Amino acid sequence: MSIGPGEAFSLMLRRELALSFRRRDQLLQPLVFFLIVTTLFPLSLSVQLSLLREMAPGVLWVAALLASLLSLDALFKNDAEDGTLEQLALSGQGLTVLVMAKTLAHWLVSGAALVLVSPVVAEALAVPTEAFPVMMLSLALGTLTLSWLGAIGAGLTVGLKRGNVLLSLVVLPLAMPLLIFGAAATDRAISGTNPAGALYLLGALCVLTWTLAPFAVSAALRITLE
Amino acid sequence: MNTAAPGLRVDQVHVWRGDRHVLRGVSLELGSGELIHVSGANGAGKTTLLRVASGLMQPEQGSVSWRGRSIVSAPAEYQGELAYASHEPALKGDLTALENLRFMVGLKRRVDSDELLATLERTGVAALADLPTRVLSAGQRRRVTMARVLAYRAALWLLDEPFTNLDAAGSALMSSLLEEHVRQGGMVLVVAHHDLNLATATRRLELQG
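Chains as they are written, first to last, in the numbering used here: chain A, 18 to 243; chain B, 35 to 243.
Worth flagging that the hints you see were computed from the coordinates, not collected in a lab. Take every hint as true, because none was put in to throw you off.
Residues from chain B that keep clear of chain A, each with C-beta distances beyond 12 Å, as calculated: (1) 71; (2) 74; (3) 171; (4) 197.
Just some of the chain A residues that point at chain B, by a computed CB distance under 7 Å: (5) 36; (6) 103; (7) 243.
Not close to chain A: a few residues of chain B, all C-beta gaps over 10 Å, as computed: (8) 55; (9) 65; (10) 97; (11) 163; (12) 204; (13) 218; (14) 226.
The structure presented is a predicted model; accordingly, all values stated were derived computationally and were not measured. All residues carry an ideal CB built from backbone N, CA and C; glycine is no exception.
In isolation and in its complexed conformation, chain A is listed as follows (with noise of 0.2 Å):
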């Protein structure tokens, strides 16, 4: 009995939830670069707190973008490398569907993780508490939509040598908006102003690259097959 889209998306969302627990050194990778990047601020600037603070949407934000990159460029290697991707093309499937759920599995493992392990960081460079909830919410936001654009990055140049620094060039680029709204709401939070202009923003975004992006992303694999 074949079976529907929805526990397709579950399956292979545990397949790859389940490759990422057993590769523990790129599960760590992004997370460790994360926290070390935003440390090194407090301990090479300045102890001026007031300094620190301004600083540090710019600084938990640059981090965290870098730092999404840096296991966006596995995401379809490994499975076109060993002929993985073919099968997935074959499986009757959607495309689309697989690729989604691919997609919220490295967000999970890269990019919840870092909105999760934030306050830490911002504590390091004296963000108030209050800002916190926004600071995680438009960090959530920000690395979903940044997974989706990395992912239609990373199938453009899956086939290619050197792919990794063309990916940068994709990604960095059209994450601009990202870092931009995202930086303001985190701010405003801090300054104890209004953010919700730059989370609408950061959750326009969200779902237009979530809504769309899984088609251009599926359609840039199907050209990287042939």
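Position chain B relative to chain A; hints supplied.
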């Protein structure tokens, strides 16, 4: 297994790779209980033919149909009856043989562990079911790949060099699996460099490149 309809038809397929004309008007028909052995020199387009037949690659000219319908118009139906095994094993080294099968076969149809273990038993690797596939030899991985093909329960097998890395016993097993599938009304399009020496009748398609 639905064996009433005509099966696979590849009609006047042309494929170019840059300036190279890889497939020059290749045609074939594969019906129930038939096996076609595709051979030819390196670069003759054997793998390309399998990729075109699977739907992974679109030909510049010509068409591929399954049971009378273009595989482009009904890809999910076609893929439901297709088992494709390429050069690459498509196994994740960090997953066990059983997990690899469960996740990949599970995308095609509902399947339980007992059935998958029985399939691994048929290909002689049941004892290795709980080992990560990265510790298996190339021949053992090939057997796991073949178990996946069996577990798909597909009418059409597209196999690219399935005998690679297999020892004498593995090759004999592979031959018997091919014969059994053909006897049961299945269809096989297999790329192999050497003679298959099967008991069942086979047709040969020599690609010139």
